[in-house]
Amino acid sequence: MALYRYDEFDRKFLEERVAQYRDQVRRRLAGQLSEDEFRSLRLMNGLYLQLHAYMLRISIPYGTLSSAQLRGLAHVARRWDKGYGHFTTRQNIQYHWIRLEDTPDILAHLATVQLHGIQTSGNSFRNITTDPFAGAAADEIEDPRPYGEIVRQWSALHPEFSFLPRKFKIVLNAAPDDRAAVKIHDLGLNLRRNEKGELGFEVLVGGGLGRTPILAQTVRDFVPRRDVLAYITACLRVYNQYGRRDNLFKSRVKILVQSLGIEKYRQEVEAEYAAMGVEREELDLPDAVVAAMQAQFAAPSYPDASGDEAELNQALAAEPDFARWVKYNVKPHKAAGHAIVVVSLKQPGKVTGDCSASQMELLAELADRLSFGEIRITHDQNMVLPHVRKAALYDLWLQLGAAGLATPNIGLASDIICCPGMDYCSLATARSIPIAQALATNLAQREQEIGPLQIKISGCINACGHHHVGHIGILGLEKNGAESYQITVGGSDNAQAALGGIVGPAVAAHEVTATVDRLIDVYLRLRRDGEQFPDTYRRVGLAPFKEALVVAR
Amino acid sequence: MGDPVFRLVTGNRLRDGKVIYFVGAGVWTPLIAEARLVEEWDGAALLAEAQAGPPPHPAIAPTLIEATRDGERVVPVTLRDRIRAGGPTIAYAGG
Ligand code: SF4
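Chains as they are written, first to last, in my numbering: chain A, 1 to 553; chain B, 1001 to 1095.
One chain only, chain B, in its complex shape (with noise of 0.2 Å):
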């Protein structure tokens, strides 16, 4: 058995465009450790809470994403996630 799959949700920031988790509550963290989990059966759920609000709604293309926890820290299932989550896996020019 592999570790359990949580779900959370996930978005771009209106304003900058930063990547941002739904934290509840009409709340969002650019931590990922921050995210509120769920389980399965609960991530239609979360997904139409994070959706709601009025306008503008802070989190462009609110999406749900699978994600495992290990130890502390939370780390998404797909290596896009994973990147969204950690930024680009390479140095650039601006250091």
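In isolation and in its complexed conformation, chain A is listed as follows (with noise of 0.2 Å):
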């Protein structure tokens, strides 16, 4: 397979793009373009109108930063925008006060750290997405953005694919829990080893949720590695030809699986990778090409922190606050010595995402000393210093502490996710972040006796809070002119993934607070010995957490 020097290319094309895109706004604020004409090119510029303002949306390849690419979006927060951005669950930013007049220079100023908003939109495909822990984790079989990269290259501007039924989002992921949500994505690919200890791909395809939730269904158990674009191609080619174009609720990859039936949908995608002949070829993914690109992805050269254990246990045993922000944010690293540390973006109280420039400079100077200039963006929307040695963990605790980025409740009730909702979103059917804020205010309480609960709130049934795949899902809609809110149980987006089951009628904003506290009454009352929410669920069903509702009424 031909890769192109992505270096090269991209700074060209971007700075081609940006001159591009200037002149086009250029002549919409002169009046030679009228709305209709310029609406898609700023929407390919990653540029919408929100409520209050226009929303810049950049994306940030499979979550992965530099600390110079912070810099450049906190610059963004800060000259051009009200001095803060907002994490996304598909591990973009977005800035929600950005003045049309000014995009050109923050597209020019982005192009400088390699970032852009383009294809954000449209139906193209979308930001890959990942594991946040790659490249980190102990317990991945091998980093999963190389192939990241490697799938980015091929779909990038692909003449085959560039104008798809609708949109199209990949995901990949190399840990045997799945932390990248992968059966709600379009196509997915899990990198597994078989009997004989060869890489290769598990391949999901059909996943989303919005109006229709449907969870992906595995295609082929094991694809061997290096015929991974080739097969993935076929799966393509497949929705390319028979995905509906004529009805935009059923143009999603989801639905022609669903309507073929995954039997069906394999066999023509087994018939279409039989056919290929030379293309097949063409598609190889030879050792020499992964391992090439894995030297872009090389690990930092770790230093000798064998020692580290003995000082961390110290500060663990001296400083309980410390010991219980360890337990919930700090996650296993493969290299001796090291962590994984997840910086919470949800202070209860505080806005979901939203990171202030401030924060983001701070962040990059700590990843500058202290993670190899290194941060990931989770779906989560927290942030992660993926490389941290553990003796530099009390230290890095006490800074994130100073600027409100020590909040102990990764994996807790308070660390909730949440869209924009009506308070930014034109889309909007009801706020979202008020109800998130009152939730993890209240629950953050007893967050530790409750144990690893997701909380997850959309304002719309576009469902990008992801509602539908929470423990405890909740949408906002509008009902008679007032919000009301739907809630859902035992959905989970994890190598389980399910869809959450309906408890009652939608309630009001107020009663939001109330009603997820009795559920988890529910649940508290019902589990067994190292269950989680979702287990418990599976055992009893929806009708003991419907039951308590009932009676409340």
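Some hints could be false.
Listed below are the simulated DMTMM-like cross-link pairs for lysine to aspartate or glutamate, each with C-alpha atoms no more than 20 Å apart in a straight line [what the hints assert, rightly or not]:
hint : chain 1 : residue 1 : chain 2 : residue 2
1    : B       : 1018      : A       : 101
2    : A       : 82        : B       : 1016
3    : A       : 334       : A       : 304
4    : B       : 1018      : A       : 35
5    : B       : 1018      : A       : 105
6    : A       : 546       : A       : 521
7    : A       : 327       : A       : 449
8    : B       : 1018      : B       : 1081
9    : A       : 82        : A       : 105
10   : A       : 334       : A       : 309
11   : B       : 1018      : B       : 1034
12   : A       : 169       : A       : 139
13   : A       : 479       : B       : 1066
14   : B       : 1018      : A       : 102
15   : A       : 479       : B       : 1081
16   : A       : 327       : A       : 311
17   : A       : 82        : A       : 102
18   : B       : 1018      : A       : 36
19   : A       : 327       : A       : 139
20   : A       : 196       : A       : 287
21   : A       : 334       : A       : 308
Just so you know, the hints here were simulated from the structure itself, not pulled from any lab data.
Hints in hand, dock the two standalone chains.
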């Protein structure tokens, strides 16, 4: 497979795109382009119109940022927005207060750190996502990002697939547990080893939330690594050929897989794959290409940190608050004496996923000093310093704490996923942020007792807040002019992904906190040792949760 | 009987996306209190007037919305329009 030199190509491409866009904005402001003519041009560059202003969405491929890139994002927040950005469940950043006339300068600035908003809209491949701990996690098979980059290059401006029936989201995961929510994507790749120890991918197709939530299904258990591009080309080709273009609501690949049935879809893909012939050789992914890409993602040279453990243990014993933060926010790293640090953007009472320019600058500085200049964004709307020496954790905790970034709640009830909702989004049917704030503030008191719990909130049926796969999911609706909230339980987005079940009629905004409290009480009463919310739900079903709400009414 | 419901025209300002309201005679304002309010039956004419004018039009997607008066204040009927008029209902990281 021929890979272009993406550094050079991208830099030139981005510069040209910015120049072209600058001219389009000039013509729009001069009245030479109407809004109808301009809309698709701005959307192609990631610029949307929201309730209060334009919104600029910048992609962060596989959620990985360098410290220089994070400083670039901070600069945009400070100079051209209101001093902050919002990290989304798609591992993107959104700026909510953008002026059209500034956007060419913003994009030019971001291009200097190789960031852009291109193709975050329209019927194209979206930002590829992956495990935010990629390249660092103790339990991963291999770093999935080189494969993400190979797939990105294959998909970028792919001529055959530049007019798909609808947008297309690809995800990669290389850990036994799924930290990338594979089953809610159009196409998922799980890196696996077969019995012979060879590397390959499980290929899943047809997941997505929104109006019709469906989980992706396995098309093939194991596609050898070198055949993966050919195989996903076949998957896309079947979609491109049969996917519905006549009805927006039926155009995603999930609807195609559902209507054909996974068996028939698989047959079509296999037939396409078998018929590829010489093209399959062109799409071959030889070990040398993988190795070259892996070199671009080479792990940092970790210092010998085997002595760090003792120092860490001392600090843990001396400082219970620090110990609590380590328990929830620090994850196992593959290198001895190192750790992965999840930086919570979920301080109860604050806005989920918002990060101020000074917080971004601090994180960039901490990444330079303590994490080889790397930062990750998670689909749970938190940030990650992926390679921190254990001996540095205490100092890091103090510095994060001083900036409001050391909330010890990762995976707990106040670590809520929440979309912008009606406070910003023009598509919203209800607000979501105030609901998240009220829940987080209320649940923070007892979240250690509750243990792992994922609450996910969306402000409309588009499900950007992934509510269908929340242990407790909340969907904001509008009923007779008032906000109301439909609540589901039992969803999950990991390897045992499931869609939640609706617990009863939608409730008013002021009833959400008490309703969620009741649902959690049911769980705490019924759970057995070692069970998490979805386990208990699978065992006891929807009935006890429904009953608790009926009694309360 | 509830408060009388008026019509007014709103849009987003072309150059910065800011929420603006139609005053009349080609003039737009960021302050809803300055918007021109008309009775329901005059809404279509107000919208047509707001949409008129040579390009570049200062407002994107002029739209007719409903509002009531509360003393000096003009209060949109829908929550969405109230949030557009008053800004997000939450404090955000930038303050
Ligand atoms: S779920 Fe709806 S309200 Fe929330 S961000 Fe997505 S489109 Fe907007």
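Do the hints match the structure? See the list:
For a cut-off of 20 Å, the pair hint linking residue 1018 of chain B to residue 101 of chain A stands: about 12 Å separates their Cα positions. Using a Cα cut-off of 20 Å, the hinted pair residue 82 of chain A and residue 1016 of chain B holds, with the two alpha carbons roughly 13 Å apart. At roughly 13 Å between alpha-carbon atoms, residue 334 of chain A and residue 304 of chain A fall within 20 Å of each other, so this suggested pair holds. For the hint linking residue 1018 of chain B to residue 35 of chain A, the alpha-carbon distance of about 15 Å falls within 20 Å, and the restraint holds.
Proximity of residue 1018 of chain B to residue 105 of chain A is assessed by CA-CA distance (about 19 Å); at most 20 Å being required, the pair is judged to hold. A distance of roughly 12 Å separates the Cα atoms of residue 546 of chain A and residue 521 of chain A; the hinted pair therefore holds under the 20 Å criterion. At most 20 Å may separate the alpha-carbon atoms for a hinted pair to count; residue 327 of chain A and residue 449 of chain A meet this at roughly 14 Å. Between residue 1018 of chain B and residue 1081 of chain B, the direct Cα distance comes to roughly 13 Å. Compliance with the 20 Å bound is thereby established for this hinted pair.
Taken as a hint, the residue 82 of chain A and residue 105 of chain A pair is honoured in the structure, with Cα atoms around 16 Å apart against an allowance of 20 Å. Using a Cα cut-off of 20 Å, the hinted pair residue 334 of chain A and residue 309 of chain A holds, with the two alpha carbons roughly 14 Å apart. The hinted pair formed by residue 1018 of chain B and residue 1034 of chain B meets the criterion: a straight-line CA distance of about 15 Å does not exceed 20 Å. Distance hint between residue 169 of chain A and residue 139 of chain A is unfulfilled; the C-alpha atoms sit about 25 Å from each other, more than 20 Å.
Between residue 479 of chain A and residue 1066 of chain B the alpha-carbon distance is near 18 Å, which keeps this suggested pair within the 20 Å criterion. The straight-line distance between the Cα atoms of residue 1018 of chain B and residue 102 of chain A is roughly 14 Å, inside the 20 Å bound, and the hint therefore holds. A C-alpha spacing of about 16 Å is found between residue 479 of chain A and residue 1081 of chain B, which places the hinted pair at or below 20 Å, so the restraint holds. Proposed proximity of residue 327 of chain A and residue 311 of chain A is supported: the alpha carbons are some 16 Å apart, at most 20 Å.
A threshold of 20 Å between alpha carbons decides the hint, and for residue 82 of chain A with residue 102 of chain A the separation of about 13 Å falls inside it, so the pair holds. Restraint check: the Cα-Cα separation between residue 1018 of chain B and residue 36 of chain A comes to about 19 Å, which is no more than 20 Å; the hinted pair holds. Annotation: proposed proximity of residue 327 of chain A to residue 139 of chain A holds, straight-line Cα distance about 18 Å (limit 20 Å). For the hint linking residue 196 of chain A to residue 287 of chain A, the alpha-carbon distance of about 17 Å falls within 20 Å, and the restraint holds.
Taking the CA atoms of residue 334 of chain A and residue 308 of chain A, the gap is about 15 Å. The hint holds against a cut of 20 Å.
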